[in-house]
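Chain order of the listed sequences is A and B. Per the numbering used here, the first sequence starts with residue 1, numbered consecutively. Per the numbering used here, the second sequence starts with residue 1, numbered consecutively.
Since the hints were derived computationally from the structure, they do not count as laboratory data. Mixed in with the good hints, there may be bad ones.
As the list claims (entries may be wrong) - One side only, chain A facing chain B, incomplete, derived with CB under 8 Å:
{"no.": "1", "residue": "R186"}
{"no.": "2", "residue": "F187"}
{"no.": "3", "residue": "H197"}
Said to hold, decoys possible - Calculated cross-link-like contacts (lysine-lysine; reagent style DSBU-like; alpha-carbon spacing at most 30 Å):
{"no.": "4", "chain 1": "B", "residue 1": "K274", "chain 2": "A", "residue 2": "K101"}
{"no.": "5", "chain 1": "B", "residue 1": "K379", "chain 2": "A", "residue 2": "K204"}
{"no.": "6", "chain 1": "A", "residue 1": "K204", "chain 2": "A", "residue 2": "K132"}
{"no.": "7", "chain 1": "A", "residue 1": "K204", "chain 2": "A", "residue 2": "K130"}
{"no.": "8", "chain 1": "A", "residue 1": "K212", "chain 2": "A", "residue 2": "K132"}
{"no.": "9", "chain 1": "A", "residue 1": "K121", "chain 2": "A", "residue 2": "K101"}
{"no.": "10", "chain 1": "B", "residue 1": "K272", "chain 2": "A", "residue 2": "K101"}
{"no.": "11", "chain 1": "B", "residue 1": "K344", "chain 2": "A", "residue 2": "K212"}
{"no.": "12", "chain 1": "B", "residue 1": "K379", "chain 2": "A", "residue 2": "K101"}
This one's a predicted model, so the numbers in the text were calculated from it and none came from an experiment. Each residue gets a CB set at the ideal place from its N, CA and C atoms; glycine is no exception.
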Amino acid sequence: MRVLVIEDDLRLADHIVGGLRGAGHTVDHVGDGREGLFIAAANDHDAIVLDRTLPNVDGMAIVAAIKASGTGPPILLVSALGTTDDRVEGLRAGASDYLSKPFALEELIARVEVLIRDNQKDANRTRRSKHKCLDLVFELDSRKVYRGGDFIDLSPLEQRLLEYMMRHEGQLLSRNMILEAVWDYRFDPQTNIVDQHISNLRRKIDDPFEAKLIHTVRGYGYRFGVSD
Amino acid sequence: MAIGLASVTDMKRLFDHKIWTSFTFRLSILGAGIFVVLTLAASSLGYWFMVKLPTDRIRDHVAQQSLEFNTLSGPDTSRDILIQALQDRASQTAGRQFYYFIINEKENFADGNVPLGSLSFDRELWQRIEFEGAQGEHTGLFRHIEMLDGTRLLVGKAIEDLDEREEFFSEILVAFIISSILVGLFGGIILSVAVGRQIDLISQSARQVLDGNLASRLPVRGSRDDLDRLAILLNTMLDRIQELIGSVSRVSDHIAHEMRTPLARVQADLDKLKRSIQYGHDHKANANLSSIQHEIETMQRGFNAMLRIARLEAGLEAAHFKSVNIQQVVTDAIDAYAPSAHEKSMSIDVSVEGEAFETQGDPDLLFQAVCNLLDNAIKFGTPGEIIEVLLQQTGADCEICVSNKGKALSGVERARLGERFYRPIKNADASVSNGLGLALVRTIALLHNGYLRFPENKDGFSVIFSIGNRTRNF
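Sequences and hints are given; from them, build the entire structure.
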């Protein structure tokens, strides 16, 4: 995938660019907001990573400008400002996701990849009726889950969790991403409730079966899919 | 010489005195000025009505009469008829006294009811003539009529009373203006000094605060007037500032203290890491790295929680109030933490008393608060026991009570819960608790016009998180 990184801090930019390239993406980097705007307009990137605090120009203005054309790539806004209000402001300006510093590089990469896939799905506009992986089936209309033909009783929370993971099959999902996607509230759990819920989910859909679909990526999060 | 100079300096000091620039003084002068203008207006009006208008009316009347007499003074009428008419008019006692006199061609007084003696008269159409009469001095407004044979007739009316009125008005006007200026000036000085003294007191106290004495407060006289209200308001403001500064300095003290331990641990882990790498113990190195990551995450969480609390308290982070169903929030929180409870073989029992748990609140903050309470109950409660959640409506407040079995806390310990960084001794391990969970819950409760209480619980621990519908008190 082709990613544009607009970041003026060279060390941080190196870090991000290196990480994305290491994950197999083609990366363009500019250190200036206006230049970033030109490059974004002239090219067709799959995603943009933009630092909100750029010199000489307001990052939010860049977001708005990129989104003004209507068909820009999804933007991951990176910022040192991390309150809920800042996040809401960023999303409202047109960013598709928001990551506050300091962040783990893997988290950034995971979010970029999820953004790209979500954008592709939107572009396809195919309305799925179900998610399927091996013998696990999630009927979206009835919210029923089956594996190997057997009905599996999941709580609404577990359903949302499984749906999120199946929608992003194969992608790395950090705990923060899961927290944001599955719960409607913006909160900071003092303990790792995500791990607990994943554990419960595993007990129901993985443990009784041979092929495991939920994988822990140590230190980073989880990945759903066929094990590689 | 020295005396002369001293007085000049004194004069200069007098003119530089802040009285002249005081708002009260200027206001008084303005008031005096307005009064002067009003007085002028009233006097002018009075003058118009009582002097000018009557004078004009008399003039018109005299003009009319002179017309009549003019016709009688023609060549066809005899002088005697004219004189008779004049005398008739003069003898009328009703109304203003009528005066007339005739001057012959030799400039001599020929006839009249005015004791003029030897005065020479102009041929002006209208003349004011003063004379001494039987009852004192008189003034008449006369019209000059030139007769064909050269004699002159002057007819007029008494106007000495109008003159008196005019004098009266001008005297009164001058008196008013002078007294207004004096009253304005002295009143202004007195007012300015009096108010100035109060303002000086306030300024003095403010300066004390600026000099660093944050505990200093403005004097309140108890007169309940606007100056007192201002002093009370400023004192309240100073209280808040003092509270915030104290809070900030406490937080920075605590940050320094609380961050040192994790940082020391990270340092130790880094040393271990160095050694692991040195000896090629990759497995240990990975474990060291994980440990460091964990410490950093703990510190990050601590920072975020501290910042959050501080921002919420200072009003920098606004709570987004909307209609929220408390029961739903509690249910969602329990759903979120049920697996964690189950992990320790604990279950969460919820009971609801009353109805209508719709209220105004920030759903994210409320959810966070309940989550923190449940998290605490799971962390510190006895494994295998039941966590009880009671949701009830008491009057205007909505109470959520979370209880768990475990080691009971003393009254002293319970009194300090909710303080930032406070951990009861048994929970002193910072990696388990950063001591900020309950502090955040308390801040959220206060933001929702509620409170956080820790009732006595011999079997374990109870906490009451309440949100109210009261309007905020200051």
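So, going through the hints one by one against the coordinates:
no.	hint	in the structure
1	R186	holds (5 Å)
2	F187	holds (4 Å)
3	H197	holds (5 Å)
4	K274/B to K101/A	holds (27 Å)
5	K379/B to K204/A	holds (25 Å)
6	K204/A to K132/A	holds (16 Å)
7	K204/A to K130/A	holds (19 Å)
8	K212/A to K132/A	holds (14 Å)
9	K121/A to K101/A	holds (28 Å)
10	K272/B to K101/A	holds (28 Å)
11	K344/B to K212/A	holds (25 Å)
12	K379/B to K101/A	holds (29 Å)
The structure fails none of the hints (numbered hints given earlier).
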